[in-house]
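S.K.: Could you put together the complete structure from these sequences and hints?
Next come the chains, spelled out residue by residue.
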Amino acid sequence: TQLLEQSPQFLSIQEGENLTVYCNSSSVFSSLQWYRQEPGEGPVLLVTVVTGGEVKKLKRLTFQFGDARKDSSLHITAAQPGDTGLYLCAGVARRDNRKLIWGLGTSLAVNP
Amino acid sequence: GAGVSQSPRYKVAKRGQDVALRCDPISGHVSLFWYQQALGQGPEFLTYFQNEAQLDKSGLPSDRFFAERPEGSVSTLKIQRTQQEDSAVYLCASSLGTSNTEAFFGQGTRLTVV
Numbered sequence: 001t002q003l004l005e006q007s008p009q010f011l012s013i014q015e016g017e018n019l020t021v022y023c024n025s026s027s028v029f030s031s032l033q034w035y036r037q038e039p040g041e042g043p044v045l046l047v048t049v050v051t052g053g054e055v056k057k058l059k060r061l062t063f064q065f066g067d068a069r070k071d072s073s074l075h076i077t078a079a080q081p082g083d084t085g086l087y088l089c090a091g092v093a094r095r096d097n098r099k100l101i102w103g104l105g106t107s108l109a110v111n112p
Numbered sequence: 001g002a003g004v005s006q007s008p009r010y011k012v013a014k015r016g017q018d019v020a021l022r023c024d025p026i027s028g029h030v031s032l033f034w035y036q037q038a039l040g041q042g043p044e045f046l047t048y049f050q051n052e053a054q055l056d057k058s059g060l061p062s063d064r065f066f067a068e069r070p071e072g073s074v075s076t077l078k079i080q081r082t083q084q085e086d087s088a089v090y091l092c093a094s095s096l097g098t099s100n101t102e103a104f105f106g107q108g109t110r111l112t113v114v
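Sequence lines, in order, name chains A and B. Take the first sequence: its position 62, counted from the start at 1, is 62 in our numbering, and no numbers get skipped. Take the second sequence: its position 88, counted from the start at 1, is 88 in our numbering, and no numbers get skipped.
Hints in this document: simulated from the structure, not taken from any laboratory. Bear in mind the structure is a predicted one, so any value in this text is a computation, not a measurement. There's no promise every hint is true.
To be verified - Derived, one-sided and incomplete: chain B residues facing chain A with beta-carbon distance under 10 Å:
1) G42
2) Q54
3) L55
4) D56
5) K57
6) G59
7) P61
8) F65
9) F66
10) Q83
11) S87
12) A88
13) V89
14) L91
15) F104
Unchecked claim - The list that follows gives simulated cross-link-like pairs (lysine-lysine, DSSO-like), each with its CA atoms no further than 27 Å apart:
16) K99(A) x K78(B)
17) K70(A) x K56(A)
18) K57(B) x K99(A)
19) K14(B) x K78(B)
20) K57(A) x K70(A)
21) K57(B) x K78(B)
To be verified - If you want a taste of the chain B side facing chain A, the calculated C-beta under 7 Å gives, among others:
22) S7
23) Y10
24) Q41
25) P43
26) F105
27) G106
28) G108
Ideal Cβ positions, reconstructed from N, Cα and C, are used throughout, including at glycine.
M.R.: Here you go:
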């Protein structure tokens, strides 16, 4: 069974601080997706990383896929209260690309 | 429609009652997924449809859970004889193709069994 470990589980920071969320596995994924979910809403896809070592930037968010495609990180620069939410990583299984393997999520609170 | 629509948004059921949750995927999307999400945790896979065919139902927790997508569009997740442990948010997602390259989620149905 492929598992994705996400850390930290909870994070509370002040506006303007930087943070990094990690997503780790012992298994290789064909690609990995990052989602953000707000209370009462479904997850919204932020980015998909496909190539080992790939780095993608989305404004103040930087996503990186590990060289071996087993891990990924999300770095937020100068966090703002609007970044508050649940951040989820999900790996696309190599054997079945229809199934997403989900991390448990990182609940981020950015305080003004 | 413009996005994935789920109804009802909230459902309170008495233990033992049957419930039906509806998902309207994005028009033309081939793939449809159902997930169960506990508070503050990631979604857990329940079942997957490709058009009207249910190709994977390995995540359904018991035979009380049943899903269908008879015409390859709208899907219904039915839970019979609900129990308290069924309380969760049920999410539906659809994607254009047959892989998870980009899945769009509905807002979910929050089910509370009392």
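S.K.: With reference to the structure, classify each hint as holding or not holding.
M.R.: Verification of the supplied hints:
no. : hint            : result
1   : G42             : holds, 4 Å
2   : Q54             : violated, 12 Å
3   : L55             : holds, 7 Å
4   : D56             : holds, 7 Å
5   : K57             : violated, 12 Å
6   : G59             : holds, 9 Å
7   : P61             : violated, 16 Å
8   : F65             : violated, 17 Å
9   : F66             : violated, 20 Å
10  : Q83             : violated, 23 Å
11  : S87             : violated, 16 Å
12  : A88             : violated, 13 Å
13  : V89             : holds, 9 Å
14  : L91             : holds, 5 Å
15  : F104            : holds, 8 Å
16  : K99(A) x K78(B) : holds, 21 Å
17  : K70(A) x K56(A) : holds, 17 Å
18  : K57(B) x K99(A) : holds, 11 Å
19  : K14(B) x K78(B) : holds, 15 Å
20  : K57(A) x K70(A) : holds, 19 Å
21  : K57(B) x K78(B) : holds, 13 Å
22  : S7              : violated, 13 Å
23  : Y10             : violated, 10 Å
24  : Q41             : holds, 5 Å
25  : P43             : holds, 5 Å
26  : F105            : holds, 3 Å
27  : G106            : holds, 5 Å
28  : G108            : holds, 5 Å
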